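*Asks:* Sequences listed follow chains A and B, in order. Just so we're aligned: 245 in this note's numbering is position 245 of the first sequence, and the numbers increase by one with no gaps anywhere. Just so we're aligned: 657 in this note's numbering is position 322 of the second sequence, and the numbers increase by one with no gaps anywhere.
In short, the hints are calculated from the structure, not lab data. Check the hints yourself; a few may be wrong.
[Stated by the list, open to error] Derived PhoX-like pairs: lysine-lysine, alpha-carbon spacing no greater than 20 Å straight-line:
(1) K521(B) - K539(B)
(2) K95(A) - K119(A)
(3) K204(A) - K521(B)
(4) K644(B) - K225(A)
(5) K243(A) - K560(B)
(6) K318(A) - K119(A)
(7) K127(A) - K52(A)
(8) K186(A) - K521(B)
(9) K554(B) - K219(A)
(10) K52(A) - K186(A)
(11) K243(A) - K660(B)
(12) K225(A) - K578(B)
(13) K539(B) - K498(B)
(14) K204(A) - K186(A)
(15) K391(B) - K430(B)
(16) K391(B) - K521(B)
(17) K56(A) - K204(A)
(18) K636(B) - K454(B)
(19) K301(A) - K325(A)
(20) K55(A) - K186(A)
(21) K186(A) - K539(B)
(22) K163(A) - K204(A)
(23) K309(A) - K243(A)
(24) K539(B) - K387(B)
(25) K539(B) - K309(A)
(26) K644(B) - K578(B)
(27) K521(B) - K390(B)
(28) K52(A) - K318(A)
(29) K636(B) - K660(B)
(30) K219(A) - K578(B)
Just so you know, these numbers come straight off a predicted model, no measurement behind them.
Now for the letters of each chain:
Number of protein chains: 2
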Amino acid sequence: MFVPPDLKTAALAIAVSLSAALPTTGASGQSDPLPSWNDTAPKAAIVEFVEKASKKGSPDFVPEPERIAVFDNDGTLWIEHPMYVQLAFALDRVKAEAPNHPEWATTQPFQAALEGDMKALAAAGEKGLMELIMATHAGMTVTQFQEVVTDWIATERDPRFKKPYTELVYQPMLELLAYLRANGFKTFIVSGGGIEFMRPWSEKVYGIPPEQVVGSSIKTTFEMKDGAPTLFRLPQVNFIDDKTGKPVGIQQHIGRKPIAAFGNSDGDLEMLQWTTLADGARFGLIVHHTDAEREYAYDRKSQFGHLDKALDAAAINKWTVVDMKNDWKTIFPEH
Amino acid sequence: MFVPPDLKTAALAIAVSLSAALPTTGASGQSDPLPSWNDTAPKAAIVEFVEKASKKGSPDFVPEPERIAVFDNDGTLWIEHPMYVQLAFALDRVKAEAPNHPEWATTQPFQAALEGDMKALAAAGEKGLMELIMATHAGMTVTQFQEVVTDWIATERDPRFKKPYTELVYQPMLELLAYLRANGFKTFIVSGGGIEFMRPWSEKVYGIPPEQVVGSSIKTTFEMKDGAPTLFRLPQVNFIDDKTGKPVGIQQHIGRKPIAAFGNSDGDLEMLQWTTLADGARFGLIVHHTDAEREYAYDRKSQFGHLDKALDAAAINKWTVVDMKNDWKTIFPEH
């Protein structure tokens, strides 16, 4: 989340082409748990790992309570271009709150946010972005923030696909989440995004309950207000769940090492290392965005979802790399 | 955990009397899920709450994912006198590490810890206690600390009962945990004690997995050391999960409001307020230590498990108060 927006990546592609996902039946006659995955190497690697970890008698069998799988969110479970969804939320919130803050019209980075001046916004850098986050994510109760997020996510549309963001989640990853859970895995989100920005919709969209969401956070404070217990959100960073913060967040929230990790950017490198560089059944996977036609194509030069070191590390550590264009039959759910 | 030890409460009672727990069968012929609870008001209140929250068609029915129950640990699930178990651990660790720290022999609060001088230790106050915690809980990897705790908890014995601490858990509370889970509740520990001190044994002893343990923590840092991913424990406080920190810790880890909270001291007051002062089926319970013969009797004047404001609040808010002596048939598990 805490990356300055980039004009280049903000350019919207026009062509939209969603191929239909048809449930398929395998040679064995059993229905395919991953119908939106083509029969290429990543699908085979996933199935092989899940079977060796969950089949009793397998030399790499992992007891059910230890079958922990962690998923990055932006770019791994849902769309992150032309900008992180949470950044679009912050910019919208600045516009919504502007009438209460006349000074924003002439104060950066708020002026840039109000005028949609992405160049000035980029110039404000990480510091400017943090100012936007604090102004729009703090100064209210936890309950109030949940309501603001719930309203926004229900009504806003992605500028290119004209759909709610919660429909711009990756169908193959939804199937993967369900497949893992059907085999005794407990699935967690471990995202650089805000923990309270994801919780209001993660259960409905991903089947991941709030207590299995790990993310960045600001500080909160408890007080009794007129006899009512209140948790109030303060404009202070509590924890940044990105890069080296991801293993720290995993230990803090989950308390044991996952056996499978799924990411798409350098922000996930340390989570993948922490998860996979250990004994026993281990699985690491990187979603490589290679499909400009159906979604986006970006990696080493992108500011949102920057994938460089982690792509090199994937080759060295034998992590599975999903080539979105070739390995995914469908990108988004068909409703 | 962060309370100076008190000489008075360190006095050991001698009489030990464990009455046997016999499983009983109710008039309905169904086996009693809470056999170690006497048929007094607290048991009836628990059963009434669980039934109204979990029985479909009940006007106060709560959907299963929202059936979150939070439990304090020290004094609520296990013994906390003559001192917090984790303090006994810290004092033992000072002794074990003393050969590597000759300076401790003449430096407070380490000298006091080594000489068992509880008066000097109390004089060192909270600051001194934090120094002991940092010296014994940090400066190693997360994995190393887990091993140290696992070894210690397996071998050490409580001075009065001559049993491992993990056998000095409250049998009625073990039954309560199982009863709640059997009715679709998810049970969490929310303790002022160290999160990584509880996790190595919480699943085995309470059936609560590491990812459902919330507690105080020190900071950790991730690094790659000779190609191996490592989480290292730093001598810096990260979070104190006590008093107003408990609702904050609950929101941070669980992300939704519990519907039932169980505590025994003023450290649990805000957790009980946050949980119960809301609409719908809600339940708050305080374990009142009233049994000097079978365990300990303490409340308003005790430093470990100080119960004063929360006892007054219980009357006002209609929280259930367990009178340990009268309401519990058995205190500890019989093996």
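*Asks:* Hint by hint, note whether the structure agrees.
*Replies:* Hint check results:
In summary, the hint linking K521(B) to K539(B) is supported, as the alpha carbons are separated by about 16 Å, within the 20 Å threshold. A threshold of 20 Å between alpha carbons decides the hint, and for K95(A) with K119(A) the separation of about 18 Å falls inside it, so the pair holds. As the CA atoms of K204(A) and K521(B) are separated by approximately 19 Å, the hinted pair is consistent with the 20 Å bound. Of the supplied pair hints, the one linking K644(B) and K225(A) holds, its CA atoms being roughly 17 Å apart against a limit of 20 Å.
Proposed proximity of K243(A) and K560(B) is supported: the alpha carbons are some 16 Å apart, at most 20 Å. For a cut-off of 20 Å, the pair hint linking K318(A) to K119(A) is broken: about 39 Å separates their Cα positions. For the hint pairing K127(A) with K52(A), the CA-to-CA distance comes to about 46 Å; that exceeds 20 Å, so the pair is violated. The hinted pair formed by K186(A) and K521(B) meets the criterion: a straight-line CA distance of about 14 Å does not exceed 20 Å.
Straight-line distance between C-alpha atoms of K554(B) and K219(A) comes to about 16 Å, which keeps the hinted pair within the 20 Å bound. Simply put, K52(A) and K186(A) have alpha-carbon atoms about 16 Å apart, close enough for the 20 Å limit, and the pair holds. A distance of roughly 52 Å separates the Cα atoms of K243(A) and K660(B); the hinted pair therefore is violated under the 20 Å criterion. A C-alpha spacing of about 16 Å is found between K225(A) and K578(B), which places the hinted pair at or below 20 Å, so the restraint holds.
Restraint check for K539(B) and K498(B): satisfied, since their Cα atoms lie roughly 17 Å apart, inside the 20 Å limit. A threshold of 20 Å between alpha carbons decides the hint, and for K204(A) with K186(A) the separation of about 16 Å falls inside it, so the pair holds. With a C-alpha separation of about 56 Å, the suggested pair K391(B) and K430(B) falls outside the 20 Å cut-off, and the hint is violated. The hinted pair formed by K391(B) and K521(B) meets the criterion: a straight-line CA distance of about 18 Å does not exceed 20 Å.
Simply put, K56(A) and K204(A) have alpha-carbon atoms about 31 Å apart, too far for the 20 Å limit, and the pair is violated. For the hint linking K636(B) to K454(B), the alpha-carbon distance of about 17 Å falls within 20 Å, and the restraint holds. The hinted pair formed by K301(A) and K325(A) meets the criterion: a straight-line CA distance of about 19 Å does not exceed 20 Å. For the hint pairing K55(A) with K186(A), the CA-to-CA distance comes to about 16 Å; that is within 20 Å, so the pair holds.
Restraint check for K186(A) and K539(B): the C-alpha separation of about 19 Å stays at or below 20 Å, so the hint holds. Taking the CA atoms of K163(A) and K204(A), the gap is near 17 Å; set against the 20 Å cutoff, the hint holds. Among the hinted pairs, K309(A) with K243(A) is consistent with the structure: their alpha-carbon atoms are about 11 Å apart, no more than 20 Å. For a cut-off of 20 Å, the pair hint linking K539(B) to K387(B) is broken: about 30 Å separates their Cα positions.
As the CA atoms of K539(B) and K309(A) are separated by approximately 40 Å, the hinted pair breaks the 20 Å bound. Using a Cα cut-off of 20 Å, the hinted pair K644(B) and K578(B) holds, with the two alpha carbons roughly 12 Å apart. Pair hint K521(B) plus K390(B) holds up; C-alpha atoms about 16 Å apart against a cutoff of 20 Å. Simply put, K52(A) and K318(A) have alpha-carbon atoms about 17 Å apart, close enough for the 20 Å limit, and the pair holds.
Restraint check for K636(B) and K660(B): satisfied, since their Cα atoms lie roughly 19 Å apart, inside the 20 Å limit. About 16 Å separates the Cα atoms of K219(A) and K578(B), which keeps this hinted pair within 20 Å; it holds.
Going down the numbered hints, you'll see the structure goes against 6, 7, 11, 15, 17, 24, 25, while the others check out.
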